[in-house]
Structure formats: C-alpha cells, structure tokens
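**Q** Protein chains in written order, with the working numbering: chain A, 2 to 508; chain B, 9 to 169; chain C, 27 to 453; chain D, 22 to 224.
Take these hints with a grain of salt, some might be off.
[What the hints assert, rightly or not] Partial selection, computed: residues in chain B whose CB lies under 10 Å from chain C:
#, residue
1, I34
2, L38
3, L62
4, N92
5, L118
6, G122
7, A138
[To be verified] Non-contacting residues of chain D with respect to chain A, defined by C-beta distances greater than 10 Å in every case (computed):
#, residue
8, A46
9, A51
10, V58
11, A104
12, A121
13, N127
14, E130
15, K131
16, V144
17, C146
18, E150
19, P154
20, V155
21, A170
22, R184
Keep in mind the hints are simulated off the structure, nothing from the lab. For clarity, every value in this text was computed on a predicted model and none was experimentally measured. The beta-carbon is built from N, C-alpha and C at its ideal position, and this holds for glycine as well.
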Amino acid sequence: MSQESQVTQLPKETITFNLNDRDITVPKGTTVMEAAHRNDVYIPHFCWHPGLSIAGVCRFCLVKVDNRPKLEIACNLQATPGMKVSTLLPEVKEAHKWALEFHLVNHPLDCPICDQAGECKLQDFYMEVGKYKSEMDRPKVLKPKALNVGSELVLDTERCILCDRCVRFEQEVTKTGALGIFNRGDRAIVGTYPDKKIEHNYQDNLVDICPVGAFTSRDFRFKQRVWFLKDKPAVCPGCSTGCHVNVYAKPEVRTYFRVKPRESAVNSHWMCDTGRKTYKHLNQDQRLRFPVATDTTGKRKRVSTAEAVASLVAQLRSVAVQDVALLVSPQYTCEEYAAFFDFFVKKLGVTKVFQWREPTEKLEEFDGLLYRGDHNPNTFGLSEALAKVGLPKDVKNGFDDLARSGAKLVVALAPEIGFQFPSLESQFQRLSELPFVSVWTTSAAAYNVQAFKHLLPLKGFAEKRGSFLNYQGKVGELAHPFPAAVDDAHDVVEVVTAVADVWAHAL
Amino acid sequence: MSVFSESLQAKIQSFLTRYETRRSAILPVLHAIQDEHGWVSEPQIEELHHTYGLDRVHVKEVISFYDIYKDHPVRKYQIRYCKNLTCHMLGAREAICRIKEHITALDAQLGEDGPFSLEEFPCLGKCDGAPVMLVNKERVEYATVDRVDEILAKYAPLPKL
Amino acid sequence: MSEAKPKIILRTEGLPDQRSIKTYVDKAEGYTAVRKVLGGLSREQVIEEVKQSGLRGRGGAGFLTGLKWSFVPKDMPGPKYLICNNDESEPGTFKDRYICAVNPHQVIEGMIIAAYAIGANKGYIYTRWEFQEEIGYLETAIKEAYEAGFLGKNLLGSGFDFELDHYSGAGAYICGEETGLISSLEGKKGQPKVKPPFPAVSGYLGRPTIVNNTETLANVPWIINHGPKAFRQWGTEKSPGTKVFSISGALNKPGVYEVPLGYPFESLLNDEGGGMQAGRSLKALIPGGASAPVLTPTECEGLTMDYEAMAQRGTMLGSGAVIIIDDRQSIAELLKVTIDFFAHESCGQCTPCREGTGWLNNIMDGILDRSAKPDNIERLRTVSRNMGGKTICALSDACAMPVMAFVQKFSDELHAYLAAGSGSHRQ
Amino acid sequence: MATGIIKVAPPPEDKNLFQMAYGYASTIFAGMWKTGVIFFMQITGLEKTNTLEWPEQPATYSERFKGKHFLTRRDDGQVRCTACFLCATACPAECITIVAGQHPTNEIEKFPVRFEIDILRCVFCGFCEEACPVDAIRLGPEYAMAGAAGDKWVYTKDYLADRGQLHGGITSVKEENTKHFTTDHNPRGDDLIATDAPHMRHH
C-alpha cells in the first residue's frame, strides 16, 4: 500500500529531537506525531490517522515545544533537530481536558446503546483527562440519528465529532468521495449526498477509523458488547491478498463475531467487507459437528474420529493406489498440504491429484485496492506443495480431469469459505456421483448431501496453526488459534497423522 | 433535455474554462444559476454532476456552507437585514420585528405566494448607512422602523396592520 | 486640520467621475508607478522599497507587507498567484468597499506592482457577494485597465504578463482569512488550511500565493512614486503611513476617513465623525471591528489610532473599524449580537471554535431569556479563555477576545441584566 | 461448711412436704393461668396475635428488600431496558442473558429482544440494580420463589416486566434523554434503518 511504500522510501538523512526527555531519531521531515507513533509514545488524537492525510482539525494532539509561546498540534509539527517537545506538562494536560470538554459539549450520552462503547476514544480520554464535572448546563444541539448510508453502515451524526477521517478515507483510499461535511459551525453534519449511498466494498473501514460511534457496522450492530470479546491475530482467507486481521470471538459461547484489519505491510490499515464475512462459517450453526461414516448396512451414522479414520483406511486398502485420487482446494495451510501429500503421494504413491477450484473465478481480477479475483488464500502455497512432490503446479480446476480419471476413491479437502464458491452445490453433486468420496470439510453443507458416505470435520482458519502464501508468496502466519467451536474438529495435519498411524499399524 | 436555459448553459461553460481548475467554477456557476432561478434545485445539481463534471457532493457542500446559496424555493423579494453591531445599535431589531409583522400579514393572505422572505444577515458592510438591508441585490440604507413600511410598499402592496 | 490631511488612498475622492481611469491618470498620477517599475526596477528593488516604507497589512493582522512578499520562493518554476482580499466582512468595517467605489484603479495598479514583485502572472480580486455595486465598479475598472494596456500580455513592452480576474464570494466571514479565501477560490468550502505550509510557499492550488488586503495594495503605487521616506513622514515609527478608518455608530457623520496612523481618537470622533448624536454619550469603543476587545471611555483618553497604542491597551487596530457604542445600548444585547455572529460564521472545522462559539451563543441565549444561572456569566470567560489560540485560524480568538473584554469590563451590567430583568434602556 | 467467697444457700430444713408441694403447685398454676388468659383473650380477639397464618395470610416485606427482579417500563409501556449489557457485565453469577435488537419504532434505538435471568444462579447481590444506567431493572419485595421440578427457573422478559404481582408493570419516572429522529435539516430522515434482531447462539 502507498503508506507503506512511503515508510520504505524515506530519505536517508535523519534528525534527533527530544520527546518527553527522551531522544528520538527519525527520518528528516517526520512529524512529531509520526515519530511518537513509531516510538510508542502516545499522543492523544482524534483526526490524525497513520493511513490518511493530515487534517489538524480536532486540536487534541496539542504539545508544548520549548521556547514557543503557543501549544502546537503534533500531527502537523515537523520534528527539527534539537527540538524539545513535551506532552506531560500540566498546561498540556489542561489543554487536553478542555479539548475533550469541547468534543463532549454536544455529544449525546448514548454509551449504553452505542456499539463503540468499550473501544471509544472519547471514553478512553475521558477516563484519562475528563472534566468529571462538566460545565455544560445548556441544551445540546440535536442532529439526525441512525441513518442508512450504506449496505454495511449505520450513521449517527449526533455522535460524530467531525474529525473528517471518513471524508478523507473516501477521497484518498477508495477515491469515491461519497461523503461530505455539510453546513458550518456547530450545525455541521457529515453525510452522503441525499438519497445516495456508499456502495464500495470497503465500507466497514469507516467503522474502524471512526474514533467514536458515529459509524457502526450493520453486521455487528447490537450483537455483543466489545468488552466480552477476545481477539487473536490471523490472516484473512477471503482472497489471495491475505490481509492481516484480528478475529473477534466470545469463547464462552464459542461464537465468532467479527473480523477487523491489523496494520501490516500487506494491507496497510484496511480490508474489504467480503473479508470481514469470513468469520460466519466458523460458527456452530454452519459447521460440520461430527465425523460421519457408514455402518455395515451402508447407512450413514455419526462416528468417532477414530472410527472414521479406521473406515477410511479400510477403504484405502480395498482399492488399488492408482484408483485413488486427491481433490484439494487452495484454502488450507502449507503445513497441511505438506502432511497431506507426504502421506498420500510420497508414502502411498497416489498420482491423481487435482485442484478443487471455482470454475467461474477470474484470477486476474483486482479491484485496485486489496480484493483479488483469486478467492483462495493459498493458491501459491498449494502450487509450491505440488511442485515439492513432483506434481504439475499449474493452477486449474481439476473436476473434469477427476471425472475422466476413473478414480474409485477420492479424498477431498473441500473449500472452507463456501460463499466464495458459487458452484459449490453442483460440485458436491458431481463429486457425490463417484464411488467413494471422503470429504474433509468445515461446513455443514457437505452433510446435507446424502450421497456423501464419509465426512471428517475440520478446524477453521482461526482455529489452527500454519501459514498461507499470498499472491506474492509472502508468508501469512496463523499462530494464535482459538479453541475449535466444534469438539470433533481437527486440522488436516492431525487427521493425516491419525490415518498414517492406523495405516502403519494395520500392516 | 437540459434543466438550464440556453444562455445559462453558455455561461456555465464559460466559467468551467475560465479558472485554473473546473472546481473553482462552482461558486460562479451557482451564482449564475441563482441569478436566473433564485435557488439551486437537486435536478440542477444532478446536471452539474453529470453534464458539467462538478461533483455533486462538492456542490452540495458549497451550497450548505455559504449563506447566499439556497437549496429551497425562495420568495420574489428576499430581504437580507443586517443585524450586526452598528445596525443593531441604530434600530435593526425593531425594524426586523416590523418587517416580520408585514410578512405574517401577507402570508396570511397569500400563503406561500407572499412576496417577501426575511433573513437576518450577519453583516452587509454598509455600517455608515445603518440600519441597512438588501432586497434581492439592491441595497437599502437607513431602513429604520419608521421607514420600513414605505420601503416595502415600493416592492409590493402591503395590507393594513 | 483637515486640509493638512494627506491623501494616499482616497486621492480621487470627490472628484467628478472619480472612479474612471481618466480621472485616476489625470488627477492622481495614475499608473505612473507601474511605468516606473516596469521601466527598470528589479523585483528585489520593489520589495526593498516596500520593506523600507514599513507598510503593514491593513486587513487586521498588521503584518509587514514587504516581508510577506519576500517569503515567496524566488526561483521556483511554475505559476504564482496574487490575490486581493476584498472580502471585507468584519462587522463595522466598510473601508475597502469605499476604496473600490472611489479609487479602484489604484488597487489594480498596486496589484500589478505586487504581482511583478513576487513574479505572479495571475491575480484575483476576491470580493464579498454583498458588495454588488462595488463588484460592478471593479469589473468596469478591470475592463478599462485591460483596454489601456495595463493588464494582459507583455505590459508596456516589458515582457511581463499579468492577467487579473474578479471572483465573488458567497457570504462567509471566514473567507476573509487568507487560507479560507484560497479554499473558497478553489471552489471549496471556505475552510482555512493547516499551516505550515504557508500560502507564500503553497497556497492557491498548492502554488506560491500572496494574499493582500485591498487597502494595503492601494498603498503600493504611492510608495513607489514617492519613496519610503515620504511615506514615513506620516504615522508612527512602527506604523507609518495613513490608514483608512470606517467610523460607525450613533454619530453625526459616520463614514470612511483617511488619516495618518497615530491620529488622536478624540479628533477622529469629533472632527471627522462629527461627534456623538445629540443626547448620546460615549459608553464604550470597539476600535478594530467586532473581534477587537472593547475599550471603556476612560481607556479612550489620549488614545491614538495606531497598532502600538492599541496593543498597549490590550486591544487591536484590526481593520480600522471604529464602532462607537453610546449610552443607550445594552451590553448584554451587543454581546449576544457579537457572539451570535461568530457562532454563525465559524466554519465548523476545529472543535474548540465550532463547539466553543456555539456554547457561548447557547449561554447568551440563556442570559437573554434569563434562564441562565449567574455563574454562566463567568463561564463565558472560562470557555473563551480555553478556546482561544488553539485553532487553525484566528476566528476562535476573534470571538474569545471581545467576549472576555466585555465580560471583564461590564460584568456588573451583565449580572444586573440577568438579575433585574432589564439592562436595556430601550424598553 | 466452707465459708469463703462462695456462699451456698442452706437446704430448706424447716419446710415440710406440703409446704413444698404448695410452692410448686402455685407456680405451675400461676403459669397456666397466664397462658389461659392470653389464650382466651386471643381467640376472643381481645388481644392481637403476633404470628400470622402464612400462606393464607401474606407477609409483606419492605420496599428495599432485594427479592425477585422486575423490569420497569417507560410511560408508553415499553420496557425501559436499553440492552446495554451493564447488568450482565456486573453480574457475579453470570445469570443474565440479553439479546439486543433494533427497535421497529424510531423513538427507541436499541432494546432487548430477549432478557433472561436464571434465578437458580442469581445470588440477589443487587449489582444489576446498581449497574443499570436507566433504572430499568430492580429487585422487588417478592421473596417466595419455591417451586417444583419442571417449573420455569429462567425468567423471561415478559415475566420480568409484567407478572401478576406487578399489577400491569411498574413505570419508572426517570426522564427520557432527548432523541432526535425528525427530518428537519436531515436530508433523509425517513430512511431510518430497522434491522432484524440479530441471531445469537447459546451453548
């Protein structure tokens, strides 16, 4: 992203200045705010955002510079050699107190019903520098609330502090310019042109950058209070860009609630709305809850993982290796591919390996910001893994070849993100016509296909360790898994190990 | 089919090329539209957006920001009465009350077709003629409460109060 | 003493057909300065002349004009711009309007010289919409100047081009602030821009831009013609030259008068202004437009009209808008009017100004309808103190300063108004 | 006889059996007389009894007794609760389950689609009452909560807001903080959103 490239292309020469009695060396031309941001000194602010241009309107990041009469805003203050800057002096704190008071003068007391509560800058600063006894004893200015400004958004202009971040985001990042600030003085309200909506695929970023509860996400609206949620870093499985994200869940109820971007070189501060929906399939109502196998009468029934593995091995023994085929979707981690191919290709010598891809996909598509036509997180990794075991690495949908191959037993790693596969159902149908298919999947959709005789529940991307390789081959780490929302779920590595064990002992 | 008259279209075109950037033309264009129509309607903004490439959000922002631009229909005679310091000291408040009385009376008869609308205006920069008001574009000085009646009568017949 | 009074700006005042280029050229050595400059003065020389003269910006801040010009980067390729700030919106100020009505050509000549000095080839005169007549005068003047060959390509064969255009505002006080004016000229909301960068380096469309007040520019031709020394013969050491004052209030002869800086307030009030109207006496004085702190009669004693004397008394000369408040006025009402103005005109960008002016206005409503508590009067000061000096432009100070002065100097009357019900002698 | 600090009363030497019997009998009779009189007074209602015949006679507790919870209402009869989850947050027994939703009407933005208290978990600490910013939940003077197996131990919103004992619900007199949903200077005030109550899983 552009912001990143700026960071990398900064001029060589650096300057040193003093911030809170601590010498800080930064590239020439850096503002005090950036310098503080990079050196973990927190200067309170509303309108400044590392991913956006400088507006300097909230007047909250006031700092004291030695030998200068007035307080200055850190976001537009260039660090110069030898400059002494302080954010701790009483006069600065007093200024912050009043800056906050001015923000709160017309801010409604919506905290009980505001989704931002708990991660709201106004609340945080109020705890820090609040005038606990407000001097405002006059009626507040009222503005329109709960407006529908986009498919993903709800706007409350009364909570808005007019920091201008959303307007700049629309102008600078998405270049759609759908938002403006109308009227002037304390009558100013942010909004879209009458009856026009925000339509792009990056709406929820407005919710993220909004320092208060003016923009709230329609998907997350009222679902949970944020202080109940735990977040863990992960990588978005929505497309081959592999944005770095945080997944938010409430482990006590084993429910996932939202996905938010995490600052990184890959995606800067942003991510698309499609990616934000990748938590839904992790919730229990959409998960395959238990392994399924057939009993002697050939009837489907719930079994333990051990039984499922045993029956799979039995099936494997009953057919010749050249009749075994693997159908692999590019939505699993490199580690999983390694283990999978290690056993089936290297050990068993299976040669029929096909990719499970979406026939309608347009790989070269790109929206110019983040979202890519390849809706799989690990196409790159799969090709690598295939190449490693000496198989063709070219990216193509292998369904037809599979049908022609006359395989009698297929082990299929089904796609995890179902909504990225419009033709998933028809693919299931085609697959179910084959003699024996063992479908390894996270989703309950496969269970509803009666013809599937053998199903193994897998963990979702937020529940396992591993790594994706994005379109550039950059590594995206999945290092902090949540406990699986489904008891019987395992990742491919665990399943394959089990299969290998049984296979070995059965010899 | 354009919502603008031939002459107005020509004017707008000339403004678009007159300044360094197209956007700079927004203010003059809006002035031109208001001189002809008195206010700026949404269809007009839409045409500016689509035909003349003036972004509708930018135009709306400008209209809402500046006092002169109106996004709702206006009366035949818009009175802008200065209520600032000097005019206030020399009797603006009483005159404004008087004008309001007239307008209420007129509106009682004519409703929306009443000839006058009143806007208490920040400042008109003619303090040596205070109290001063603008009727449309015409500046009227010494518009004290005792002269208000005759001044308004020049524009439209007034009912007895 | 009025015959001894110098005329630098209003030289064609009262002459027949005063606005026309003919009168200007015949009677007021019109366009001789341009000839002199284009005839062989270098840019540096022009700037030096103006620096020497000690000419200070007449728009309100009183910044040294020559110094301002010298900030423009010399050898920077690409266009530069000169803008004449004719958006005179400060309540009580109407001098620029009068200058445009009396002697528009001198402004234009001043612009040509200034443009030459900073190397700008495009200029704009930004006039507020309310000055419909004067906009007419300016446009004819510009036309005349083009016909006479003082505007356009290759002026007087010097190879210097200068195009001048007129731009009309749309009713926003904040467009009088130079960066606000630039935003407006770019077709945006008239919201001031964060500084740095300053307009002299990156202004209109990100190009070097100088914004000067109408009166300031009108001074330039005279300085070029007669030299800095002659200019300094009037006014004080730090505030040389003359100043065009606009005097208003309950006077016998309110109007626009050009007098040397340092001119005694007494004579300005009684000679030029013709004294207070019968039966009225001076209650207070606002010496520099609505944003200047108010002065009590005692503070007015021995007051001279120049930047230092005003600063000394904790107020400012501003744009030279002298507002006389007579004894029939209610301070509470005037304070409401002042605050209401700034609350209406705040551009809504910076929080302290947006919310602060609104809050003050809100309190004033309470005081006028007497629903406010007595401590609200002191709160006016607390709020003002904390909104001042914290914003992009000076509007929040412009609101805070007069409020603090009013409340400090007339707090008894305000309390009486709130308590007794009527502080006004009108009812 | 030990003489010292402790004085021991001498045994009744000069009392004969009859005297002793009289002594005991008289006290017994005195006691029975007293009892008899009170018994007579009370059954004839001449004296007030200090016990009551529960459950036929109800016992009333003080208003401040922290008994069974109830949800207060607005003047318009709507449940006042704004589903802010503060009670659930404060609850040490984690016995409160709330599902919030978008209210169909515009006056109220957020409201509890479900509000449940698992009374078997509740410890009657009253923290919910303390935490509530809008005086929506209170602990009332009802104390009798005995029940048989199979009874409803999870109180629903309707039960909490309106059960027989509440006589049509208690209205809290707290004044509303102003909400602004009108269309003036609002380009699209008619376009207020109304989302469905979000679906929530529970284990």
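**Q** State for each hint whether it applies.
**A** To see whether the hints hold, each was checked on the structure:
no.	hint	result
1	I34	holds (4 Å)
2	L38	holds (7 Å)
3	L62	holds (8 Å)
4	N92	holds (4 Å)
5	L118	violated (28 Å)
6	G122	violated (23 Å)
7	A138	holds (6 Å)
8	A46	holds (73 Å)
9	A51	holds (68 Å)
10	V58	holds (63 Å)
11	A104	violated (7 Å)
12	A121	violated (4 Å)
13	N127	violated (7 Å)
14	E130	violated (5 Å)
15	K131	violated (4 Å)
16	V144	holds (19 Å)
17	C146	holds (20 Å)
18	E150	holds (15 Å)
19	P154	violated (5 Å)
20	V155	violated (7 Å)
21	A170	holds (27 Å)
22	R184	holds (25 Å)
The structure shown violates the earlier hints numbered 5, 6, 11, 12, 13, 14, 15, 19, 20.
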